[in-house]
Amino acid sequence: MINYIRKYKILFFLIGIMVVFVGCLYSSVKTVTVLQILDPAKDDQLLYQERIEPGNSFSIHWKHSVTKQPIIETYYIQQELTIGIREMLFNEHGPNLPAGPEGGTKWEIKDGMFRVYNYNVSFKRLPVRIGREVADHTFYYDHHEVPLRELASPGGFVEIEATNISLLKYYMRREVR
Numbered sequence: 001m002i003n004y005i006r007k008y009k010i011l012f013f014l015i016g017i018m019v020v021f022v023g024c025l026y027s028s029v030k031t032v033t034v035l036q037i038l039d040p041a042k043d044d045q046l047l048y049q050e051r052i053e054p055g056n057s058f059s060i061h062w063k064h065s066v067t068k069q070p071i072i073e074t075y076y077i078q079q080e081l082t083i084g085i086r087e088m089l090f091n092e093h094g095p096n097l098p099a100g101p102e103g104g105t106k107w108e109i110k111d112g113m114f115r116v117y118n119y120n121v122s123f124k125r126l127p128v129r130i131g132r133e134v135a136d137h138t139f140y141y142d143h144h145e146v147p148l149r150e151l152a153s154p155g156g157f158v159e160i161e162a163t164n165i166s167l168l169k170y171y172m173r174r175e176v177r
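Residue numbering for the sequence shown is 1 to 177, as defined by full-length UniProt numbering.
These aren't lab readings, by the way, just hints derived from the structure by calculation. Source: prediction; values computed, not measured. Mixed in with the good hints, there may be bad ones.
[Stated by the list, open to error] List time: in silico DSS-like cross-link candidates among lysine-lysine, alpha-carbon distance up to 30 Å:
1) K63 - K110
2) K30 - K42
3) K110 - K30
4) K30 - K169
5) K106 - K124
6) K68 - K110
7) K106 - K68
8) K42 - K9
9) K124 - K169
10) K42 - K169
11) K124 - K63
12) K63 - K106
13) K42 - K124
Could you build the full structure based on these sequences and the hints that come with them?
In structure tokens, the structure reads:
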């Protein structure tokens with residue numbers, strides 16, 4: 001009877017090791033799509049990451065340094081994991097903002113807001129300069145709000161990219177902030 005119990009303990013131990021091994025193997029092969037915020041000044045140090053899928057949108061909210069009015073830029077992840085511009089919203093013209101339709105963009109004015117859309121622009125990596133005083137660039141995605149000044153120095157910039165990484169790597173780097 002004791003040999004019988006000992007054999008089953010060994011068998012359960014070996015099965016447990018196999019389950020752990022298969023789980024590790026699966027998570028190192030299975031990939032997930034993530035949106036990463038990187039610091040190019042620090043050799044692409046990972047500052048933030050979140051799972052995302054092609055078609056999902058995120059936005060950057062900031063205040064214009066001259067007009068002091070809010071600007072909302074909305075982006076989306078394309079199938080090839082590039083970042084496209086969905087639209088820009090603002091309520092007052094200012095320097096470096098679009099002054100009218102150009103390059104195929106379209107305009108709407110609704111509820112006191114200018115909406116610029118139909119961009120034909122995409123980025124492998126989206127550069128975002130972090131304002132020093134007024135701008136307060138903030139990243140929004142899926143109920144997450146991340147002030148970029150908390151990730152990198154104001155006056156500097158970050159890059160945002162979508163990429164595929166292994167599930168294991170995702171879980172190992174999940175709590176970056």
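Violating hint indices (sorted, rising): Violated hints (numbers, rising): 3, 8; every other hint is consistent with the structure.
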